[in-house]
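Residue numbers (the numbering used here), protein chains in the order written: chain B, 5 to 208; chain S, 5 to 208; chain V, 5 to 208; chain A, 5 to 208.
There's no promise every hint is true.
The list cannot tell twin chains apart, which means a pair is met if one copy fits it or any two copies do.
[Stated by the list, open to error] Taking lysine-lysine pairs in the DSS-like style, the calculated list, with each CA pair at most 30 Å apart, reads: (1) Lys160 x Lys95; (2) Lys143 x Lys30; (3) Lys184 x Lys96; (4) Lys184 x Lys160; (5) Lys184 x Lys143.
The set of hints was computed from the structure by calculation and includes no laboratory data.
4 protein chains.
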Amino acid sequence: LIKTYEPNLVQYPLIGIADDEFQTVKKLITKQEVRAVTLAKLQIQDDLVMWDIGAGSGSVSIEASNLMPNGRIFALERNPACVGYIQENLKKFCARNVKLIEAYAPEGLDELPDPDRVFIGGAGGQLEDIIDAVDRRLKPEGLIVLNAVTLDTLAKSVEYLEDHGYDVAASCVNISRTRKLTEFKLFEAQNPVYIITAHKGSTH
Amino acid sequence: LIKTYEPNLVQYPLIGIADDEFQTVKKLITKQEVRAVTLAKLQIQDDLVMWDIGAGSGSVSIEASNLMPNGRIFALERNPACVGYIQENLKKFCARNVKLIEAYAPEGLDELPDPDRVFIGGAGGQLEDIIDAVDRRLKPEGLIVLNAVTLDTLAKSVEYLEDHGYDVAASCVNISRTRKLTEFKLFEAQNPVYIITAHKGSTH
Amino acid sequence: LIKTYEPNLVQYPLIGIADDEFQTVKKLITKQEVRAVTLAKLQIQDDLVMWDIGAGSGSVSIEASNLMPNGRIFALERNPACVGYIQENLKKFCARNVKLIEAYAPEGLDELPDPDRVFIGGAGGQLEDIIDAVDRRLKPEGLIVLNAVTLDTLAKSVEYLEDHGYDVAASCVNISRTRKLTEFKLFEAQNPVYIITAHKGSTH
Amino acid sequence: LIKTYEPNLVQYPLIGIADDEFQTVKKLITKQEVRAVTLAKLQIQDDLVMWDIGAGSGSVSIEASNLMPNGRIFALERNPACVGYIQENLKKFCARNVKLIEAYAPEGLDELPDPDRVFIGGAGGQLEDIIDAVDRRLKPEGLIVLNAVTLDTLAKSVEYLEDHGYDVAASCVNISRTRKLTEFKLFEAQNPVYIITAHKGSTH
């Protein structure tokens with residue numbers, strides 16, 4: 005029976021998995037809606053190599069894995085608590101083509117194959133070193149997507165990527181979801197996320 | 005050679021196709037970011053039956069088709085100009101499991117298999133009749149996703165779905181994208197879209 | 005010395021008073037930015053009569069009072085804790101032309117002079133009765149401004165006001181403010197507020 | 005009769021004047037809602053000196069003038085078309101304490117009294133020189149408010165102000181207003197505006 009090997013897979017969607025289905029540290033996760041936009045910006049095609057730097061809960065890697073069963077995804081994370089949760093999440097969602105690497109990027113990148121796509125969800129204070137390292141390895145038609153929640157990361161990453169010759173755009177995603185409050189549906193805002201997309205040497 | 009049969013497919017992503025890659029009437033399209041969130045809310049799994057009512061340019065059907073190659077998608081559209089563009093778009097993106105139906109919903113729904121998922125992108129003034137028709141046919145674990153851009157459709161659809169016993173939530177999606185203006189990146193807002201999700205008889 | 009009688013007034017702005025300068029119940033307050041837009045929508049001129057229904061902390065009444073020293077403002081509130089805080093806030097900000105009325109609207113409205121402006125910040129489940137009562141008393145050129153944070157209040161109030169012959173518009177206000185987080189400035193979202201403006205018998 | 009001398013004043017509100025009441029070049033104006041938040045951030049008290057750099061249509065100066073009849077406001081603008089419209093708008097709204105200065109800032113600032121408040125609505129490519137000039141003249145308890153609509157101005161102004169020792173915060177204001185479309189109310193988004201507030205030597 006296939007079910008004995010993939011006990012949970014059947015009940016989850018490819019993308020749009022509910023946030024609370026993931027094990028997380030302090031509810032830190034790329035939320036459902038932002039995750040979907042992030043994957044759209046990543047321009048996923050099957051059989052790409054993707055690096056997920058600062059993987060957190062692994063939610064982006066897991067849904068990317070659903071989109072590209074023949075792709076190879078490398079999820080880097082240095083926080084031991086996150087690493088443990090990523091392992092559980094990868095198992096729960098049967099994300100077989102995601103390789104978890106416990107490392108503090110840019111450490112750990114040297115051993116990986118050159119990426120077609122790089123997602124930077126968290127830079128842990130190493131933003132510039134990470135961009136330098138990614139830039140040396142990104143394939144010619146590749147692209148970088150970076151999610152920023154602070155003005156500092158937004159400003160610095162755009163400037164640094166442009167200084168490296170990238171064509172950069174940003175989308176600010178503001179989501180509010182209704183939450184039940186007695187018989188009412190209260191609009192609750194999520195903090196805005198800036199999704200930065202960088203193409204090398206492109207003019208589009 | 006596969007390429008002679010699928011000349012364009014290789015260059016497009018599964019989701020996140022650029023808006024201007026679609027033929028549209030007056031640029032009316034579910035935009036890239038909102039399309040991605042819509043697909044996330046649709047909770048796509050492979051081999052579902054989906055109805056896309058008021059398909060417009062077909063962009064949601066096309067990306068849904070990329071996500072479920074074994075699914076069956078029925079795109080209803082009544083506007084002849086849209087119908088023509090949907091045909092071109094389906095061809096361009098090789099969306100073989102999308103069946104286009106030229107009809108003014110709820111007409112045209114009777115012949116279709118019962119849906120697991122229904123996306124209502126446009127109701128053309130027939131919102132209540134469409135919800136009635138969908139409600140009679142939706143499978144027990146199915147769900148309805150409806151995108152509203154007016155306060156009237158937002159209010160009416162939520163009320164009507166709740167009156168039919170659905171558990172309803174809404175996400176308001178506000179996106180602004182940078183656009184190049186001389187050497188500057190101007191933040192340009194898209195109009196907000198309310199993505200309404202309705203589960204029948206559920207309490208979640 | 006004037007200062008002995010108005011010890012604090014000199015240091016506060018007319019509008020844009022910081023949220024944490026007000027005494028509040030559970031931080032429930034019309035926030036600085038939304039308060040400013042609300043006052044703009046109220047179209048304040050000097051010497052108007054304004055009703056503030058569901059006054060909460062009194063912040064809107066207090067800034068309205070700064071804008072119209074010759075106006076008369078009636079702040080209705082039924083929650084005893086709020087009433088106490090409103091008293092303190094009125095005193096702190098020397099809002100001499102705000103009259104606080106402890107009542108559960110629409111009770112308490114009969115004794116007031118007819119209003120030029122009505123602000124409904126909270127309806128406490130009496131939305132329809134309040135609108136009925138306001139409609140009977142509003143002066144011909146008057147207008148109603150209502151802030152909604154739930155989909156239900158948004159939908160119901162717009163529908164009910166239109167049914168009473170008002171011309172209704174709504175502005176959705178989404179604000180995110182930077183907050184310091186170590187050396188970073190994190191964008192923090194406030195929940196969206198829908199500011200509804202209703203003119204009677206107008207077509208604009 | 006007072007009315008013969010102030011024929012229009014009686015019909016306009018102090019703040020929240022409708023956008024289309026102002027003469028503008030290409031509809032470039034700080035919109036009603038953003039203008040209100042800007043004034044709130046400016047922390048207006050009566051009898052301050054305010055500079056409005058890049059005054060555009062003069063709308064911020066005019067409403068600031070309504071808030072501080074004893075203040076002195078200096079509106080700088082270099083675009084001759086704007087200058088003409090500012091003159092008309094000042095006259096229409098009887099803004100007697102706004103002095104219009106046709107100059108390309110930072111030129112023209114030397115002759116002005118030291119400011120308590122500076123609003124920078126447009127820097128015309130001279131952002132750094134303007135901040136330098138303002139910084140030399142701003143009174144100790146003064147503050148600067150700057151509205152940015154591009155990522156570049158947002159990032160550069162925050163960085164430059166912080167480098168000058170200012171405590172800087174930003175509010176992103178996203179507004180959508182309903183617009184009538186046949187019998188529907190369509191939510192129309194305005195482009196987001198970043199309102200930057202800078203206090204010198206403050207820690208709040």
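Quick rundown of the hints versus the structure:
1. Lys160 x Lys95: neither (35 Å within a copy, 42 Å between copies)
2. Lys143 x Lys30: neither (35 Å within a copy, 36 Å between copies)
3. Lys184 x Lys96: within (28 Å within a copy, 36 Å between copies)
4. Lys184 x Lys160: between (38 Å within a copy, 16 Å between copies)
5. Lys184 x Lys143: between (46 Å within a copy, 25 Å between copies)
Hints 1 and 2, counting from the list given before, are not met by this structure.
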